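Chemist: Listed below, chain by chain, are the residues.
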Amino acid sequence: MRTRVFYLSTTVLLTIFLFGFAFQKTDNKTKQTPKVDNCLSCHKDIDDMPQGYSDYDVHRQAGLTCASCHGGDPSSTDQEAAMSPAKGYAGVPKRKDIPKFCGKCHSNIDYMRIYQPRIATDQVTQYYTSMHGKKLMAGDENVAECASCHTAHSIFPVKDPRATVYKLNIPSTCNKCHGNSELMKKYNLPSNQLEEYSKSVHGIALLKQNDLGAPACNDCHGNHGAMPPGITSISHVCGMCHSSNMEYFNATKMAKAFAEQDFHGCEQCHGNHGVQKPTDDMVGVGKNSKCVDCHDKGDVGYVAAEKIEAEIVQLKNNYDAATNKFLEVREKGMNDVDIGFLLQDAKQNLIQSRTLVHTFDPAKVVVKTKDGMNITNKAIMLSDKEISEYYTRRNGFAAATLAFLVIVIALYLKIKDKEKRKQA
Amino acid sequence: MKINRRKFLNSILGIGGIGGILSIFYPIVSYLIPPKMAEPKVNSVKAGSTSDFAANSYKIVKFGRKPVILIKTVDNQYKALSASCTHLDCIVQYKSDTKQIWCACHNGIYDLNGRNISGPPPRPLEQYDVKIVKDEIVITKMG
Ligand code: FES
Numbered sequence: 001m002r003t004r005v006f007y008l009s010t011t012v013l014l015t016i017f018l019f020g021f022a023f024q025k026t027d028n029k030t031k032q033t034p035k036v037d038n039c040l041s042c043h044k045d046i047d048d049m050p051q052g053y054s055d056y057d058v059h060r061q062a063g064l065t066c067a068s069c070h071g072g073d074p075s076s077t078d079q080e081a082a083m084s085p086a087k088g089y090a091g092v093p094k095r096k097d098i099p100k101f102c103g104k105c106h107s108n109i110d111y112m113r114i115y116q117p118r119i120a121t122d123q124v125t126q127y128y129t130s131m132h133g134k135k136l137m138a139g140d141e142n143v144a145e146c147a148s149c150h151t152a153h154s155i156f157p158v159k160d161p162r163a164t165v166y167k168l169n170i171p172s173t174c175n176k177c178h179g180n181s182e183l184m185k186k187y188n189l190p191s192n193q194l195e196e197y198s199k200s201v202h203g204i205a206l207l208k209q210n211d212l213g214a215p216a217c218n219d220c221h222g223n224h225g226a227m228p229p230g231i232t233s234i235s236h237v238c239g240m241c242h243s244s245n246m247e248y249f250n251a252t253k254m255a256k257a258f259a260e261q262d263f264h265g266c267e268q269c270h271g272n273h274g275v276q277k278p279t280d281d282m283v284g285v286g287k288n289s290k291c292v293d294c295h296d297k298g299d300v301g302y303v304a305a306e307k308i309e310a311e312i313v314q315l316k317n318n319y320d321a322a323t324n325k326f327l328e329v330r331e332k333g334m335n336d337v338d339i340g341f342l343l344q345d346a347k348q349n350l351i352q353s354r355t356l357v358h359t360f361d362p363a364k365v366v367v368k369t370k371d372g373m374n375i376t377n378k379a380i381m382l383s384d385k386e387i388s389e390y391y392t393r394r395n396g397f398a399a400a401t402l403a404f405l406v407i408v409i410a411l412y413l414k415i416k417d418k419e420k421r422k423q424a
Numbered sequence: 425m426k427i428n429r430r431k432f433l434n435s436i437l438g439i440g441g442i443g444g445i446l447s448i449f450y451p452i453v454s455y456l457i458p459p460k461m462a463e464p465k466v467n468s469v470k471a472g473s474t475s476d477f478a479a480n481s482y483k484i485v486k487f488g489r490k491p492v493i494l495i496k497t498v499d500n501q502y503k504a505l506s507a508s509c510t511h512l513d514c515i516v517q518y519k520s521d522t523k524q525i526w527c528a529c530h531n532g533i534y535d536l537n538g539r540n541i542s543g544p545p546p547r548p549l550e551q552y553d554v555k556i557v558k559d560e561i562v563i564t565k566m567g
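The listed protein sequences derive, respectively, from chains A and B. Using the working numbering, you'd call the opening residue of the first sequence number 1 and step up by one each time. Using the working numbering, you'd call the opening residue of the second sequence number 425 and step up by one each time.
Note that these hints are calculated values from the structure, not bench results. Careful, some of the hints might be misleading.
Stated by the list, open to error - Listed next, the in silico BS3-like pairs over lysine-lysine satisfying Cα-Cα at most 25 Å (straight line): (1) A:K307 <-> A:K290; (2) A:K364 <-> B:K483; (3) A:K418 <-> B:K431; (4) A:K332 <-> B:K490; (5) A:K347 <-> B:K431; (6) B:K486 <-> A:K370; (7) A:K316 <-> B:K490; (8) A:K287 <-> A:K277; (9) A:K378 <-> B:K470; (10) A:K96 <-> A:K176.
Owing to the predicted nature of the structure, the values given are computational and were not obtained by experimental measurement.
So here's chain A without its partners, still in its complex pose (with noise of 0.2 Å):
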């Protein structure tokens, strides 16, 4: 009996805080939403939504409806009255007032706080700084303002793969206008960046293998601020991630007569939108080589390009030479941990040997080569030992068989020997 009594209680405390909860919630949400939005409700009946509206627009998930960015009274059934500037009323914003009317709320740090405590308020400043905001000041409507990019009705924090804006999808967002030959020809611009961004090491990294460490067009050229990288800051911007390449090659006499010949930084070698990974080709004196672009046999920049071609070219087949033994260690079972960790140490030896190039100094690029050298060396000896080790147990296995075998022989000759002659 008290066993039922404890149940029963239990289940009706449970159910009123069940329902209590339920109640919270609503009111939470109404709390949120206002209660009446005719604007939204009358363009729904009416069929008259904004074009590519969507209700999991961040805007309308966190309770801000068509009145807090159109202006109006969302509370008015009359259209004349919800609609009329005395109400606030604003419609829909030229495309040069854009930017000013999303930083009502996006320029206003008091404001914004409410929503996000950590986020950015300089937004409109940094666009207007760009060359798209430069150009829409002057009057050109045809450049990108706010929506161009983030959508006017369908907008999602960056984060969330749904936005435009999301890293994987900024290549698109920013080719609807950049791939437009027709719009671009009137800026003298090229319109095939995206084409060659996607053959590029960057592009197949990002849209291939996902890699959102791997560059988009907003990480060179920046976002609400976007510019061409300009003469001077191109190798910052590779540098922002190839930081020992960007260091070695500001420390050069070269970098003093690229700047001098107004050559790009590290574009100049390694092109911008379609670079691609290099190749040990690119120094030397080869047909692929960069270097005698400028340089003529005999010169100290000709002999130096060679020479460090040759070492790390000497590097690269020795390590390839003891990444197949090593396979060959591991397809036979035997021990290849040591040699695998040989073999990371000499790959960073190789890569630390390529970044040494932008030094253009072949003595700093030997020191590396030659610890690499060494380490594929000894990756080398330790796979030769261990594969001889894997034939002497196959050879040791044969020969017992062998040894086993004769036995077996001898002692049916025998038998048979000791038989024949119990008979005689």
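Fit chain B with the ligand to the given chain A structure using the hints.
Modeler: Chain B with the ligand in isolation, oriented as in the chain A frame:
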């Protein structure tokens, strides 16, 4: 002739017997004195003594098949983390000036707890436990 045949058989049997005995004992001896083999699956490794490890420095330690970065911080604490960058697998290093873990390949930076704080690395570095047993540093797998 008969004696020759018997002798021959006996010597064959003898040689075969010795071979047979060797084939049995060689593996036993090899088993008892094994060749130097690195253990591919390990749960802990010794990383040297605390006294030959200067503060604000690091070393790369083999942990089975994986490289681990062992750091002694300025305040003499030990940190052990996977040394393979979570971006493209380069080996990371400790920067004694900035007191951060740095991947030279694409300027990836991690804090001393292995959290990726800037650059391309998508994930933190895996953490290992460090214990000091009688002045010896022992790195073990977490959990
Ligand atoms: S491999 Fe470490 S940052 Fe790219």
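Chemist: Is K287 (chain A) within 25 Å of K277 (chain A), Cα to Cα?
Modeler: With Cα atoms ~17 Å apart, K287 (chain A) and K277 (chain A) stay inside 25 Å; holds.
Chemist: Between the alpha carbons of K378 (chain A) and K470 (chain B), is the straight-line distance 25 Å or under?
Modeler: Given pair K378 (chain A), K470 (chain B) holds - Cα atoms ~24 Å apart, limit 25 Å.
Chemist: Please work out if K96 (chain A) and K176 (chain A) have their alpha carbons no farther apart than 25 Å.
Modeler: holds (19 Å)
Chemist: Is the Cα-Cα distance between K364 (chain A) and K483 (chain B) 25 Å or less?
Modeler: holds (23 Å)
Chemist: Within 25 Å, alpha carbon to alpha carbon, are K486 (chain B) and K370 (chain A)?
Modeler: Between K486 (chain B) and K370 (chain A) the Cα gap is close to 23 Å, so the pair holds against 25 Å.
Chemist: Check whether the Cα positions of K316 (chain A) and K490 (chain B) lie no farther apart than 25 Å.
Modeler: holds (23 Å)
Chemist: With the threshold set at 25 Å, check whether the alpha-carbon distance from K332 (chain A) to K490 (chain B) stays at or below it.
Modeler: Distance of about 21 Å is within 25 Å: holds.
Chemist: K418 (chain A) and K431 (chain B): Cα distance at most 25 Å?
Modeler: holds (13 Å)
Chemist: Taking 25 Å as the top limit, are the C-alpha atoms of K347 (chain A) and K431 (chain B) close enough?
Modeler: Violated, at roughly 63 Å.
Chemist: Please verify whether K307 (chain A) and K290 (chain A) have alpha carbons no more than 25 Å apart.
Modeler: Roughly 15 Å separates the two Cα atoms, so the pair holds.
Of the numbered hints listed earlier, the single one contradicted by the structure is hint 5.
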